[in-house]
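Make the full structure from the sequences, and use the hints.
Number of protein chains: 2
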Amino acid sequence: MPVEIKAPIVVNTAEAEILGILRKSGEISRLEISHITGWSKAKTSQEIRKLVNKGFIIEIGEGNSHGGRKPRILQLNNNIGYLVGIDIGATSIDLALAGISGQIYQRRSEPADVHQKPSIVLGRCIELIQEMVRAQGGQPVQIFGVGIGVPGPVDFNRGVLVAPPLMPDWENFSFRDYFKNIFPSAIVIVDNDVNIMALGEQKAGKGVGIDHFIFIKIGTGIGAGIISNGKIHRGSDGCAGDIGHICVDKKGPICRCGNFGCLEAMAAGPAIVEKAILAANNGSSPLLRQILETNDGILRPEDVNIACRDGNQAALEIIRSSGQMVGDVLASLVNFFNPSHVFIGGGISNFGNHLLVAIRQAVLRRSLPLATQHLSIDFSGIGADAGVIGAITLASQYLFTVKDELQQTA
Amino acid sequence: MPVEIKAPIVVNTAEAEILGILRKSGEISRLEISHITGWSKAKTSQEIRKLVNKGFIIEIGEGNSHGGRKPRILQLNNNIGYLVGIDIGATSIDLALAGISGQIYQRRSEPADVHQKPSIVLGRCIELIQEMVRAQGGQPVQIFGVGIGVPGPVDFNRGVLVAPPLMPDWENFSFRDYFKNIFPSAIVIVDNDVNIMALGEQKAGKGVGIDHFIFIKIGTGIGAGIISNGKIHRGSDGCAGDIGHICVDKKGPICRCGNFGCLEAMAAGPAIVEKAILAANNGSSPLLRQILETNDGILRPEDVNIACRDGNQAALEIIRSSGQMVGDVLASLVNFFNPSHVFIGGGISNFGNHLLVAIRQAVLRRSLPLATQHLSIDFSGIGADAGVIGAITLASQYLFTVKDELQQTA
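Just so you know, the sequences run in chain order U and Y. Count the first sequence with the numbering used here and you get residues -10 to 399, in order. Count the second sequence with the numbering used here and you get residues -10 to 399, in order.
Straight-line alpha carbon distances no greater than 27 Å define the calculated BS3-like cross-link-like pairs of lysine-lysine that follow: (1) Y:Lys32 with U:Lys30; (2) Y:Lys239 with U:Lys239; (3) U:Lys220 with Y:Lys220.
Residues from chain Y that keep clear of chain U, each with C-beta distances beyond 12 Å, as calculated: (4) Asn68; (5) Gln95; (6) Arg96; (7) Asp102; (8) Arg113; (9) Glu120; (10) Arg165; (11) Thr209; (12) Arg278; (13) Ile295; (14) Glu306.
Since the hints were derived computationally from the structure, they do not count as laboratory data. In this text, all values refer to a predicted model and were calculated from it rather than measured experimentally. Just so it is clear, CB atoms sit at the ideal spot from N, CA and C, and this is done for glycine as well.
Here it is, written out as structure tokens:
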């Protein structure tokens, strides 16, 4: 294994094209590569040979023949090193160790509190990464990419959080310096948590091959990841998808952002809990009152879900109301963006069909027929894995960088 | 001139890359092309020579030297043929004749009524195109591309209008068959009018070099054209940007779409006129009453503008209120999409600063600081020309098509 390698790995345009094709398709034959690139068979073979010699790609056997010799199948060489995906949530961390093709080897999840300092939360992440690499029989120096999703607005180019409401201590914290110190061969890429969930859904969930979709995360906050023309849309300042602060009701409660009636303040986890406590205390839900008393005065969103499953009317109304508000906002976004699919993820998405039906009804009521005729609104296909898969996908996108003969001499 | 040429003109991948660079940059040196493509000087020269021999590109003189020989500047060969841009509005048609580089030679505008049949409106367009080609000393067979913008939802792949509320007679009308019958060498591309305005703004207005922007047209209806990552975002069914039917007030008036309180029903041209007639009749604006009586009971949006410029308070309030409603909707879209620029166009945009200030105020009040810190909201830089320039740009994007050695033998 070439241990002197450091990411990003420099390649030329032709090599980058082949590596990009392999990254997207996983496994592919020489002939298919030559079809996609439009190169002759000779040139395709020559470029592939260079990449095989460098150790970046390998032949993994023979595919099915359509007459003639069986095609040899190519894949990124997972033996070259590892990628790490980290999904930092408000109350948990999820990590995975993968090969450079994105194949996941190891997976870790545990509770965490982002109100703590970065050194505490990320220190624990580093312990878990080292544990995963050891379990895999590898070395930290073989980690070539770390993708990180964080629950706050990210300046994508600088790789730092900007004015994150949930985690003020993390503002401007340099993830790159911190991780490169421990994993010197790695590129470090940071993005908003919902963007990496959208990327994960596109890579391995229901979003495979879909050009235009919106991924909505409903949890402690509410946010959206946007795929336009097959690519993530981060917007001009990297804060696209911040739908939690769209106004639902001008006369609604005050939000932590200072405005009134934001979607997040009215429909996310904390709002659900607040309404449930009210229902417990004003006598409209004896069941919620009983749960509240059993839990020493603490109610979690999951408790509202449990009550709803038990047929509790007040809990059902609270969940329906959240779904309707998300759907009202989504209706506008569907008119504007015309996605073919909307995927719902995040903790509150475990609330199941009552939530989903309410969202769908609100969208169908308010969006135009042309925009909804083929629209599918569904839960994420990979649930809790969307984040780590997306974080690994993100890191893999930046693993190779193009430098051409011409630029090298410049 | 090679009269046997028919669009789309078939080229290979390398040729397409050079033609694409020339289309975007207008004029460029060989060295710059070799920098962008990453090819050697020898390969770049070879590919350029092929395109010069085919007559697709020409040398137009020498650029500035940074030491050494002066670089020779290249451009698409306008002598090869023409492109036509057609912008069909609810009440007018705008046309332009250009070279394949997009340089405009002739321009025509006149009133029209899209409630009439396609054959009447488009028949007049064809007369005007033939007139422009004659004036330029050319032949209809030399028209290689026709780009058309229409005020309704377009199925972009099929090139037809789908359930257009303003022009029901035009549903499924085949623009391609109609125009190819008269201009047999031309490709014919149809798009929504606001999409072509966004393309025009990106080509020649304030949107040059801007990756993420929203173009909003306010006229008889309200719609948006969306540029994401430098490309037009049409959405899954081609109806992205249909913001006129986003709900502003659930208790608002009924819209032609069947819902209540749509932005279009409350803030576009007809709503402005309706409110002005009310102000004229209920005594709150003697000036509007006087205009109404002078014009035989007819008020146009322009009259409200004139009254506003004369300092009429009721007219000012009507315009401010429209601006505020557009701004309220835009605030949500800014949170979702995070554009760096919003451009306002269409007939109502002539209403000037009162409208613009009201839009800006509403957006700043409701969007998040991170999304507005660098946001610019301004009028279109090319006003009434955005449509035709965009239509020509659209046609130019489809003028050349790639077919490779490999595919040709398949």
